[in-house]
Structures are given as structure tokens and as C-alpha cells.
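In order, the protein sequences belong to chains P and A.
Just remember that the working numbering sits 236 ahead of the position in the first sequence, which is counted from 1.
Just remember that the working numbering sits 1 ahead of the position in the second sequence, which is counted from 1.
One or more of the hints may lead you astray.
[Claimed, not checked] If you anchor each label on the Cβ, the simulated ranges turn out as follows:
{"hint": "1", "chain 1": "A", "residue 1": "P29", "chain 2": "P", "residue 2": "M348", "range": "42 to 52 Å"}
{"hint": "2", "chain 1": "P", "residue 1": "F347", "chain 2": "A", "residue 2": "P29", "range": "40 to 50 Å"}
{"hint": "3", "chain 1": "A", "residue 1": "K36", "chain 2": "P", "residue 2": "T251", "range": "16 to 26 Å"}
{"hint": "4", "chain 1": "A", "residue 1": "Q117", "chain 2": "P", "residue 2": "P327", "range": "37 to 47 Å"}
{"hint": "5", "chain 1": "A", "residue 1": "V126", "chain 2": "P", "residue 2": "R322", "range": "38 to 48 Å"}
{"hint": "6", "chain 1": "A", "residue 1": "K151", "chain 2": "P", "residue 2": "G291", "range": "22 to 32 Å"}
{"hint": "7", "chain 1": "P", "residue 1": "F323", "chain 2": "A", "residue 2": "E21", "range": "34 to 44 Å"}
{"hint": "8", "chain 1": "A", "residue 1": "I130", "chain 2": "P", "residue 2": "G291", "range": "22 to 32 Å"}
[Claimed, not checked] Chain P stretches covered by chain A per the calculated footprint, using a threshold of three residues with CB under 8 Å from any CB of chain A:
{"hint": "9", "segment": "246–254"}
{"hint": "10", "segment": "264–278"}
{"hint": "11", "segment": "320–326"}
Hints listed in this document are in silico derivations from the structure and should not be mistaken for laboratory results.
All C-beta atoms, glycine included, are put in the ideal place defined by N, C-alpha and C.
Chain by chain, the residues run as shown.
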Amino acid sequence: MQLIAVALKALAGGTLVVAFSALSDLLKPKAFAGVFAAAPSVALTSLFLTVLTTGPAKATVSSRGMIAGATGMIAYCVAASFLVKRFGAVPGSVMAWGAWIVPSMAVYWLFMR
Amino acid sequence: MGRMDSAVDGRVLAVHAVSESPVPKLNPQGLKDKKPKDYLLRFVFGASISAGAALIGLKFPLFGGMFLAFPAILPASLTLVERDGGRKEAVIDAEGAIIGALGLFAFALVAAFGIQPLGAVPALVAAAIAWLLVSIGTYSGVMVWRTATKTAPKGPAPG
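With these hints in hand, go ahead and build the complete structure from the sequences.
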């Protein structure tokens with residue numbers, strides 16, 4: 237049952253990511269389209285399916301954890317905009333993962349553990 | 002591909018150097034430029050991070066929740082934007098994503114504090130609305146700032 241829920245989350249998450257990506261591709265200017273690159277596509281489907289399969293208490297815990305990840309996401313995007321400018325999209329966006337890990341782990345470690 | 006536009010180099014925000022109207026419009030050509038494998042790649046990234054977060058969440062729901070905001074899709078998007086529009090477009094896309102990430106933070110706050118008192122569906126709808134309002138509000142604010150700083154008349158020369 238748990239693995240079916242994981243598979244459903246993967247399917248729904250991937251589908252909503254494609255939907256938001258298509259919406260982003262359909263919009264201009266690029267700065268506005270970029271807003272949809274950080275849409276809560278994975279979170280929306282995962283939290284909804286968590287509520288359906290295990291109940292609201294676990295979804296609340298997951299969304300508390302997401303606050304730490306969202307702090308890291310802000311840092312990631314700031315770092316990516318500088319690193320992509322300097323190194324290009326592939327190396328810049330991969331290097332920026334470090335800027336996600338550090339603040340996410342810091343918020344998790346300091347406020348949530 | 003690779004060199005930045007000289008007008009963008011040296012500015013804090015690349016979006017400040019863009020002359021395009023900030024008003025959102027539909028661009029069907031943007032969809033036509035994409036190949037099915039571009040969307041397949043994004044599906045694989047999205048499905049992988051969803052599965053990863055779910056598997057971690059089975060044992061550690063709080064820690065697994067952190068990965069609901071993992072930037073798995075953005076590297077794929079930035080790579081495709083750079084391929085189709087050049088590095089300047091990719092930088093502007095990343096700057097737009099900063100605005101979306103502020104909205105994502107609002108989404109997480111509303112979901113974390115809303116699911117228990119409001120119920121799951123109303124709280125997730127409220128969280129999605131919070132994402133949209135914060136994102137659109139911040140985008141509008143940045144664009145008003147961009148317009149104001151571009152058109153502001155220069156003061157008289159000192160002396």
C-alpha cells in the first residue's frame with residue numbers, strides 16, 4: 237500500500253511538473269514565465285495524496301519540513317541567477333544545489349529537529 | 002551560446018536591462034519550440050523527486066517534507082531555456098524563479114499552519130492561492146520598481 241502511494245505521488249508529481257512547465261513555456265516575458273519554474277507542483281500533489289493515504293497529521297508534518305526546503309529554494313534561485321550568468325545553465329544550476337542544501341539543513345537543524 | 006549580453010553584464014538583476022513589456026502575454030511559439038523529450042525529461046525529474054520525497058517521508062516525514070521544495074525541475078528548465086534562448090534568457094528565468102520561490106515559502110507556511118484547523122483541501126487551496134498572490138504581487142512590485150528606476154529623471158549635476 238505504501239509503495240502504491242509512492243508510485244501515485246511520482247506519477248501525479250511528474251504530471252503536474254509537466255503542466256506547470258507547459259504553462260511557463262506558454263507565457264512571456266521570461267521573468268514572468270520563470271515564476272512558474274518554482275511553482276509548488278511536487279508539493280501540491282504529494283501533500284494532497286499524503287492526506288488521502290495517511291491523514292492530515294502527517295501532511296502537516298511534511299509541510300512543516302517544506303518550510304525549511306522553501307527557504308533553501310529562495311537561496312537556490314538567488315545563487316542560480318548569479319552562477320548561471322557566470323558559468324552557464326548546466327554547471328551553474330548544479331553548483332547552486334549547494335545553496336539549497338546549506339540553508340535548508342540549517343533551518344531544519346536549528347528550528348525543527 | 003555562452004556569452005552574456007553586455008547590457009546585462011554588470012547589473013545586479015538581468016531583468017532590469019530588458020526592454021520587453023513586463024505585462025504577461027501568451028506566447029504559443031514557446032510551446033511549439035519544445036520537443037516531446039523536453040517534457041519527458043521534466044516528467045522524469047518531477048516524478049523522481051516526488052518518489053524520493055515520498056520514500057524518505059515514509060520513515061522521516063519532517064525531513065522528507067524538506068524535499069517537497071527541492072529544486073529538481075529548475076536545472077532542467079534553465080538548461081532548455083539556455084538552449085532555446087541563450088544565457089541571458091536563462092538568467093532572467095532564474096530571477097523570475099526567485100519570485101516564485103518566495104511564493105513557495107508562503108505556500109509552505111499556509112499548508113503547515115492551515116491543514117489541521119481548516120482541513121486538507123481548503124488549506125491546500127488557500128496555500129496555492131497564497132503562492133499565486135505572493136508571486137504575482139512580488140512580480141508586479143519588481144516590475145514597477147524596474148519601470149520607475151528606468152524612467153526616473155536624473156537630478157541636476159552637483160556644483
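Results of checking the hints against the structure:
no., hint, result
1, P29(A) / M348(P): 42 to 52 Å, "holds, 44 Å"
2, F347(P) / P29(A): 40 to 50 Å, "holds, 45 Å"
3, K36(A) / T251(P): 16 to 26 Å, "holds, 18 Å"
4, Q117(A) / P327(P): 37 to 47 Å, "holds, 42 Å"
5, V126(A) / R322(P): 38 to 48 Å, "holds, 40 Å"
6, K151(A) / G291(P): 22 to 32 Å, "violated, 52 Å"
7, F323(P) / E21(A): 34 to 44 Å, "violated, 25 Å"
8, I130(A) / G291(P): 22 to 32 Å, "holds, 23 Å"
9, 246–254, "holds (count 9)"
10, 264–278, "holds (count 15)"
11, 320–326, "holds (count 5)"
In summary, the structure is inconsistent with hints 6 and 7 from the numbered list given earlier, while agreeing with the others.
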